[in-house]
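Chains as they are written, first to last, in my numbering: chain S, 5 to 342; chain W, 5 to 342.
Note that these hints are calculated values from the structure, not bench results. The model shown is predicted, which means the values in this text are computed figures rather than measured ones. Treat the hints with care, as some may be off.
As the list claims (entries may be wrong) - Ranges of calculated distance between the beta carbons of each label pair, as one might list FRET restraints:
#, chain 1, residue 1, chain 2, residue 2, range
1, W, R29, S, P140, 50 to 60 Å
2, W, T312, S, D187, 30 to 40 Å
3, S, P140, W, E68, 50 to 60 Å
4, W, D219, S, G281, 50 to 60 Å
5, W, A51, S, S287, 51 to 61 Å
6, S, P111, W, S287, 17 to 27 Å
7, S, G281, W, N134, 36 to 46 Å
8, S, D187, W, I305, 53 to 63 Å
Yeah, the Cβ is synthetic: ideal placement off N, Cα and C, and Gly gets one too.
Protein chains: 2
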Amino acid sequence: MKLASLKNGRLEKRGRDGALHVVDRALTRACPVADFPTLQAALDDWASAEPALKALSQRLEAHEIRGIAFDPRNCLSPLPRAYQWADGSAYVNHVELVRKARGAEMPASFWTDPLMYQGGSDSFLAPTENIPAGDPKWGCDFEAEIAVVTDDVKLGTGPEDAMTRIRLVMLVNDVSLRGLIPDELAKGFGFFQSKPSSAFSPVAVTPDELGAAWDGRKLTGALNSYLNGEMFGCPDAGTDMTFDFPTLIAHAAKSRPLGAGTIIGSGTVSNRGPDGGPGSWVSEGGRGYSCIAERRMVEQITGGKPVTPFLKSGDRVRIDMLDTAGASIFGAIDQVVG
Amino acid sequence: MKLASLKNGRLEKRGRDGALHVVDRALTRACPVADFPTLQAALDDWASAEPALKALSQRLEAHEIRGIAFDPRNCLSPLPRAYQWADGSAYVNHVELVRKARGAEMPASFWTDPLMYQGGSDSFLAPTENIPAGDPKWGCDFEAEIAVVTDDVKLGTGPEDAMTRIRLVMLVNDVSLRGLIPDELAKGFGFFQSKPSSAFSPVAVTPDELGAAWDGRKLTGALNSYLNGEMFGCPDAGTDMTFDFPTLIAHAAKSRPLGAGTIIGSGTVSNRGPDGGPGSWVSEGGRGYSCIAERRMVEQITGGKPVTPFLKSGDRVRIDMLDTAGASIFGAIDQVVG
Chain S
5 MKLASLKNGR
15 LEKRGRDGAL
25 HVVDRALTRA
35 CPVADFPTLQ
45 AALDDWASAE
55 PALKALSQRL
65 EAHEIRGIAF
75 DPRNCLSPLP
85 RAYQWADGSA
95 YVNHVELVRK
105 ARGAEMPASF
115 WTDPLMYQGG
125 SDSFLAPTEN
135 IPAGDPKWGC
145 DFEAEIAVVT
155 DDVKLGTGPE
165 DAMTRIRLVM
175 LVNDVSLRGL
185 IPDELAKGFG
195 FFQSKPSSAF
205 SPVAVTPDEL
215 GAAWDGRKLT
225 GALNSYLNGE
235 MFGCPDAGTD
245 MTFDFPTLIA
255 HAAKSRPLGA
265 GTIIGSGTVS
275 NRGPDGGPGS
285 WVSEGGRGYS
295 CIAERRMVEQ
305 ITGGKPVTPF
315 LKSGDRVRID
325 MLDTAGASIF
335 GAIDQVVG
Chain W
5 MKLASLKNGR
15 LEKRGRDGAL
25 HVVDRALTRA
35 CPVADFPTLQ
45 AALDDWASAE
55 PALKALSQRL
65 EAHEIRGIAF
75 DPRNCLSPLP
85 RAYQWADGSA
95 YVNHVELVRK
105 ARGAEMPASF
115 WTDPLMYQGG
125 SDSFLAPTEN
135 IPAGDPKWGC
145 DFEAEIAVVT
155 DDVKLGTGPE
165 DAMTRIRLVM
175 LVNDVSLRGL
185 IPDELAKGFG
195 FFQSKPSSAF
205 SPVAVTPDEL
215 GAAWDGRKLT
225 GALNSYLNGE
235 MFGCPDAGTD
245 MTFDFPTLIA
255 HAAKSRPLGA
265 GTIIGSGTVS
275 NRGPDGGPGS
285 WVSEGGRGYS
295 CIAERRMVEQ
305 ITGGKPVTPF
315 LKSGDRVRID
325 MLDTAGASIF
335 GAIDQVVG
């Protein structure tokens with residue numbers, strides 16, 4: 005099934021979390037969920053919520069419920085705010101490139117020990133909300149990623165059990181301020197100001213809805229990013245993912261339990277080129293990139309200096325994934341800077 | 005007024021957030037809050053909640069409401085889970101000592117640019133809940149700190165405005181796994197596994213309740229830490245705080261807004277000695293320390309090697325602050341390792 009949190013400004017107290025809706029497979033119609041007003045409420049009691057949501061989903065799909073027209077512009081992120089957003093860097097190729105771009109060496113252990121940072125989760129952007137422009141010197145960039153939402157995960161859970169705790173899958177734009185990263189990381193406490201609010205896809209999808217694209221550990225399919233209408237990248241999310249989601253969840257749960265509604269991100273999806281290198285432009289037949297920083301790195305390698313500027317006011321970023329029939333699975337993240 | 009979140013396991017869906025109660029000044033009686041079942045619900049709509057909570061608090065204080073007996077053992081942390089926990093290192097003395105202890109240099113900019121990390125906020129420990137023992141090699145330590153809870157804070161808010169957004173003050177035990185920190189920080193993404201679940205004081209207190217101890221920017225008063233019944237430290241929270249809370253909030257809000265219920269921590273409270281050095285033991289007339297790591301550092305300086313072991317199973321940590329009449333302001337964090 006597919007779930008969305010629609011804006012409900014009238015309900016002041018509930019407005020921050022939106023109103024949970026079940027959405028049909030084609031992303032055309034939606035209906036509210038009486039017993040679970042918010043997605044967090046459903047995740048807090050998933051054993052009860054899942055059958056109720058499934059029944060609703062089947063009735064909506066069978067047109068036994070008419071529902072309302074579904075418009076992604078009315079969506080908040082599926083969890084408009086969350087108790088945890090922990091983002092991995094599972095596509096180590098991306099980490100290696102970004103490090104190179106800022107002249108930093110990558111330790112060999114990065115291929116065996118997952119990188120993960122604790123992100124801010126109190127104020128996510130809506131999927132079609134503007135990205136605050138900020139100071140141009142901050143070097144605003146997008147990062148197209150996959151994320152999963154977990155149920156409660158016990159302290160010390162291993163990957164095999166973690167696999168059974170994944171409840172939802174969605175897309176992310178992990179907005180990054182490249183200009184603030186070097187100084188912030190040099191302080192040793194990780195990202196803070198350099199990672200402003202992220203945005204998620206209009207709908208979150210249960211793993212069973214994904215069919216063969218979901219193998220219990222990772223999602224397969226091209227993650228399409230567009231900048232100002234042109235395709236910027238279409239790497240396959242199932243390729244070059246060094247650490248799968250159960251491994252990332254187990255990493256996060258090593259020393260503490262994870263609460264229901266924890267969001268675990270894959271990090272920027274990134275494929276190597278056929279030669280094992282960083283790949284090439286989409287217009288040259290390559291898979292392109294899921295963030296501007298990677299593209300700039302390749303420009304530096306091939307032409308001596310980065311050319312593509314970071315995001316500026318008015319730029320538009322679109323992130324989407326299509327099923328085998330060409331239909332959007334999660335709805336598109338579609339944001340303008342400004 | 006003083007607020008607590010009592011365990012309410014019977015209400016399954018609400019059980020994760022506890023039941024908001026107003027507590028009397030003496031921490032002897034409490035009464036539930038009908039219109040705002042959880043502290044987060046009150047913070048989400050503080051303009052409405054504040055007068056309601058104040059009226060209830062006054063009636064409880066005047067014995068117009070009898071209430072129930074207040075027992076800190078029935079408390080969850082005031083926010084049992086939060087949308088944000090961002091911890092500063094405002095007592096730079098602590099940072100300098102801990103860095104020295106692991107042989108790392110501290111950049112001079114740490115005295116002018118606040119350090120802050122994004123902490124996990126999905127699963128806080130209750131104030132009297134056991135600290136999971138973990139692997140002894142992880143080097144479990146406590147850190148006694150002050151924290152504030154904010155209302156919504158706009159992106160780019162400066163310290164003057166941030167001062168008006170502080171709603172509650174409380175104590176924290178920011179549990180730290182010293183053995184995991186060096187390797188984790190070396191990876192460059194900040195703390196994750198090395199910062200397991202924190203615990204907060206049984207009650208959170210509004211700034212107006214603190215009288216002269218709160219100057220709008222920081223809390224004055226000895227923060228008492230006890231290890232196995234012996235005083236370990238009593239540094240004054242109002243002394244040597246290089247960055248006050250409004251400055252920490254403004255730092256956090258530089259590139260994104262902060263949601264209501266954001267918790268901002270001071271970092272380990274730490275006073276310099278009279279000679280400007282790291283201070284001395286409580287038993288030697290000094291202010292002692294708010295974490296074991298500092299004490300070990302001083303042992304290394306004075307005796308050539310650290311002596312005090314990190315926490316082991318069965319150890320008991322107690323963190324408390326008393327008012328001028330000797331009564332506990334926030335109730336005590338009182339945890340056993342095990």
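Problem - Structure versus earlier hints, numbers of those that do not hold, lowest first - result: 6, 7 and 8
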